[in-house]
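S.K.: Listed below, chain by chain, are the residues.
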Amino acid sequence: MTAARRGRRALATFFYLKPRLTLALLLAPPLLWLGIVYVGSLCSLIVESFFHLDSFTGQVVRKVSLATYRDLLTAANLDIAARTMTMAAAVTLAAVALAFPLAYYMARYASPGLRAILTLGVLLPLWSSYLVRVYSFKLILAKEGIIGWCLARARLGWILDGLLALPGIGGPSLSVSSIGTFLAFVYVWLPYMILPIEASLERVPQSLLEASSDLGARPAATFRRVTLPLALPGVVAGSIFTFSLTLGDFIVPGTLGNSSLFIGQAVLAHQGTAGNIPLAAAFTVIPMVIMGVYLALARRLGAFDAL
Amino acid sequence: MAGDTPTPVVRLVGVSRFFGDVRAVDDVSLEIADGEFFSMLGPSGSGKTTCLRLIAGFDRPSRGRIELCGLEAEGLPPYERDVNTVFQDYALFPHMTVEENIAYGPAVRRVPRAERARRVAEMLDLVRLPDMADRRPAQLSGGQRQRVALARALINRPRVLLLDEPLGALDLKLRHQMQIELKAIQKRLGITFVYVTHDQEEALSMSDRLAVFRSGRVDQVGTPAEVYERPASPFVADFVGISNLVDGEAAFALTGSREPFTIRPEKIRILEAAASAPDGACSARGRVRDVVYLGMHTRYVVEIDGGAVLSVVEQNRDSAAVDVQAARGRALRLAWPRALNRPVRRAGAPESG
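From first to last, the protein sequence lines stand for chains A and B.
Its first residue numbered 3, the first sequence is counted upward by one per residue in our numbering.
Its first residue numbered 1245, the second sequence is counted upward by one per residue in our numbering.
It is worth saying that the hints were derived from the structure and are not from the lab.
Beta carbons: idealized from backbone N, C-alpha and C, even for Gly.
Careful: at least some of the hints might be erroneous.
These stretches of chain A come out as covered by chain B in the derived footprint (C-beta under 8 Å, 3 or more residues) [stated by the list, open to error]:
id : stretch
1  : 80-91
2  : 194-201
Over the 10 Å line for every Cβ pair with chain A, so calculated as not near, a few chain B residues [stated by the list, open to error]:
id : residue
3  : Arg1396
4  : Ala1397
5  : Asn1400
6  : Met1422
7  : Gln1423
8  : Leu1448
9  : Glu1473
10 : Leu1489
11 : Gly1500
12 : Ser1501
13 : Glu1510
14 : Ala1518
15 : Ser1520
16 : Met1540
Not the full set, but computed from the structure, chain A residues with beta-carbon under 7 Å of chain B [as the list claims (entries may be wrong)]:
id : residue
17 : Glu212
18 : Ser215
19 : Asp216
20 : Gly218
21 : Ala223
Using the sequences plus the hints, can you model the full thing?
M.R.: This is the structure in structure tokens:
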């Protein structure tokens, strides 16, 4: 036996006999990363939100106070928060409605080959730059874009005109209306909803659906009492993605839609041009609180019971 | 119901189910009487579970007709059939408590809450799980899950209960206990049980009648005694219990005919090598090639002079002081009443492997 081989063997035995040490060595890098970069920056963000900006000097005053939160709770800022939340909720609901049937088909009916193709199709958009896709959506939704053109050719332009005439969500064209922002959001976040729902549906054994039918439940009852409750963890996981991604995004509302701000844009403006990092930090606390409340509610409603 | 014979509660007429080129069920005709404990016995892949799924309505026959209580079942979805199923994997709803699982049938049929609670209590009592109502399936043992699945399927009081290898996942002791309980419950409720199993002992001990499946076809239907004592094919003889198949020269030496026959190991008696052949018996000299000690009894593998190798089983009645292994290599004579030979059809000889 060569010395090198003997050494490798001794090393293997050493680690085999000390499983705790092995575990510690394996876990150290991810824990350091999560601890310092992730939790650390989160803590500094929360701490920052309790500082405030001196309005005369423009300097951050490093003293704990609720001054920034007082600034946050102005009508204009609450308006931004409410608009963002409404959008996030609408996007999430639309994504669930679109994703569920496809995920159901993929998990229950598609052959393995077709399922691979569909999964690839769902993931494919994520391979290209998200910025490029949002800009291409701007073109699609523009006044002379393909949607407007098609509807006009089909003499259905009045549908679009009617939609755009709706107060609050309408506008001169799809690309500069809230409807456009909504469509782009649903488009970019849809894969994040499809995949978790598909994964949760895949874990529901066929025999459970058969048992439900066997015991006298019509398909609608089986869906409501068995399929949906068991897929709920996937729906919640997907909605965490779509909801929190919408809450934090600034590119979609910056590229499409009207000039009213979303939380992400407000954060960008405050920490960039305005230099008001405490207010930007306080703004980001809003989505975190919302998601916390949302998860607590989901838990209370039994969304995770099937896990 | 017209005529003397009551309408069978389940009737299969020439039923086939093809999956591509595979004939999972191939031209099966069966009649199951009301209140009967009927087993479908066969090795895995013999079509018995597919047959059960066709009766339950989870799958539809490619050909043939299924009648439930005298009515054509084609086009009836599972939720409109008066049939309930105990699944092999139990299929308990993981997000519901034991009580909610059992109450599922009445709940989807909109039975009033009070009535539902009464029936659930009755069922919990029937399967002897009174204190488990609030548990989740994940908190139960295999045997308890089995009981919940049974209660859930029985609460609708179906005409027919289908059981798909319900005891397959239980250990031997528990399985024996559940066999007795299942039989008792069936007697008490008078519900027709259609019981799928690959365990021949289970099928023999519980059934009123059983069907032996092979490659999608039914080889034989009959009472346990009929199937065991008069197997219709070498396959049945071999699958139900252990059997010796004798044919060719060995058969000629024993019976004077080359017709193949089977003889059960426990029917053969072991005599002294010097003993003469009893009158009217099949008899041959032989030598013990192997001895398998099985506790309650011992199996001797004997090579007889005619060339055949026969299994012989003897109760260990007074072998307490005797080392049965010492019998290895001993010369002896085998004898059994000629009347116990079961001629078997040549056609459909058992497949190898």
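S.K.: So which of the earlier hints does this model not fit?
M.R.: When the structure is compared with the hints, numbers 1, 2, 3, 4, 5 turn out to be violated.
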